[in-house]
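> Sequences are here, hints too, so could you generate the full structure?
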Amino acid sequence: MKEIALNSPEIEYCGRIDDRDPLHPQFIFPATYLKFRFVGSFASLKIKNQHLDWNNWHNFVGARVDGVQKCYQLNDDENTTVITLLDSEDTDKEHEILFFKRMDCHEITLEELVLSDNAKLIPYEKKPCLKMEVYGDSVSAGEVSEAVDYVGKVDPVHDGHFSNSYYSYSWMCARKLGAKLHDIAQGGIALLDKTGWFHHPDYIGMESVYDKVHYNSYINSVTTWDFSKFRPHVVVIAIGQNESHPKDFIKDEPNGEKTVLWKNTYKKFLRHLMEIYPKTHFILTTTILEHDISVDKAIDEVASDFSSPLVHRFYYSKNGCGTKGHVRISEADAMSDELAFFISTLHIDVTQEV
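Using our numbering, read the sequence shown as starting at 84 and increasing by one per residue.
By construction, these hints were calculated from the structure, which means they are not laboratory data. Certain hints may be false.
Claimed, not checked - Derived Cβ-Cβ restraints for the label pairs, each shown as a range: (1) Pro361 to Asp238: 14 to 22 Å; (2) Gln156 to Asp416: 20 to 28 Å; (3) Asp102 to Gly339: 38 to 46 Å; (4) Asp420 to Thr174: 35 to 43 Å; (5) Gly339 to Asp416: 35 to 43 Å.
What the hints assert, rightly or not - Here are the simulated lysine to aspartate or glutamate pairs, DMTMM-like style, with alpha carbons at most 25 Å apart: (6) Lys176 to Glu161; (7) Lys263 to Asp375; (8) Lys407 to Glu336; (9) Lys176 to Glu290; (10) Lys330 to Asp383; (11) Lys407 to Glu421; (12) Lys277 to Asp375; (13) Lys341 to Asp383; (14) Lys153 to Glu95; (15) Lys295 to Asp104; (16) Lys118 to Glu179; (17) Lys341 to Asp294; (18) Lys131 to Asp242; (19) Lys131 to Glu161; (20) Lys312 to Glu194; (21) Lys350 to Asp294; (22) Lys263 to Asp432; (23) Lys118 to Glu172; (24) Lys203 to Glu95.
All of these numbers come straight from a predicted model, not from anything done at the bench. Just so you know, even glycine gets a beta-carbon here, dropped at the ideal spot from N, CA and C.
Structural data, given as structure tokens:
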């Protein structure tokens, strides 16, 4: 067996990654991946998991090996887990492996990639493609997406194994468009700090996360993202589901002080992204997970303040009323069809830098 440097040029990465140590990259957000092709018979990854003990959940990572999807449970402590991705007797066959972060709310460090002695990496052809960035919550992260017996129903009791970013509407949409995706999604997150369900008991919102790499101070030191590393053609903002906790202020007081603050913070967030990405299309939306229409009305008001042809308001056909539980694979597939079609109508030239 031989160790392969994790910064080898033949390996393709995608996602908002901490690559300050390029030989040991850290994956933070869901749908972050590495992909490589090689001729050989064996492949394994050594991974260090930084686990957040919440509700007795475990952490799982995913892979697609020659198109077959696999799931692996990681150690809950900071000990490493060695995952055998491929072990074959055929030494001359070409393989493709996609290894990805299935879940939010934990971090992993890639420690070592090992291939068979005879292995040879095959480079990918570099070509322009659509680039997408999504800011969202558990639906955008693909949480509980594999609970396929619960379509339209509340979630079953589980330990995290039903969550799979590969089947999030966001990554499904990206694949249908041939796009690279940065999925800045975290379950339970709202827009405002001190709101939502994430980072209990000191709740933080997307206003404190969108410009970060490491964003969960319970796991790691918070670090800032360099936006020059990824310039998306389209940004989807899918925030609004978790604003009702601990108080449903948008529904109860649509013209109240906190609702006004929420709308102003949304505008500030959007304006900052528009300054960073002046040629990017922005899609403002929520999801099909059941929520009060007051949130969508508030987003309508936000959108009406922007006269730019690059700002779009988008509704799914089952917006806010599609399911009482998280979005399952078939539901995410339908969402991704609608979103992908809408993005296709923007006629984005992917050969142009943004």
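> All the hints need checking, so say for each whether the structure fits it.
Here is how each hint holds up against the structure:
no.	hint	verdict
1	Pro361 to Asp238: 14 to 22 Å	40 Å, violated
2	Gln156 to Asp416: 20 to 28 Å	26 Å, holds
3	Asp102 to Gly339: 38 to 46 Å	43 Å, holds
4	Asp420 to Thr174: 35 to 43 Å	41 Å, holds
5	Gly339 to Asp416: 35 to 43 Å	38 Å, holds
6	Lys176 to Glu161	35 Å, violated
7	Lys263 to Asp375	32 Å, violated
8	Lys407 to Glu336	23 Å, holds
9	Lys176 to Glu290	48 Å, violated
10	Lys330 to Asp383	21 Å, holds
11	Lys407 to Glu421	20 Å, holds
12	Lys277 to Asp375	20 Å, holds
13	Lys341 to Asp383	17 Å, holds
14	Lys153 to Glu95	19 Å, holds
15	Lys295 to Asp104	17 Å, holds
16	Lys118 to Glu179	7 Å, holds
17	Lys341 to Asp294	23 Å, holds
18	Lys131 to Asp242	20 Å, holds
19	Lys131 to Glu161	6 Å, holds
20	Lys312 to Glu194	23 Å, holds
21	Lys350 to Asp294	15 Å, holds
22	Lys263 to Asp432	15 Å, holds
23	Lys118 to Glu172	22 Å, holds
24	Lys203 to Glu95	15 Å, holds
Checked against the numbered hints given earlier, this structure breaks hints 1, 6, 7 and 9; the rest are met.
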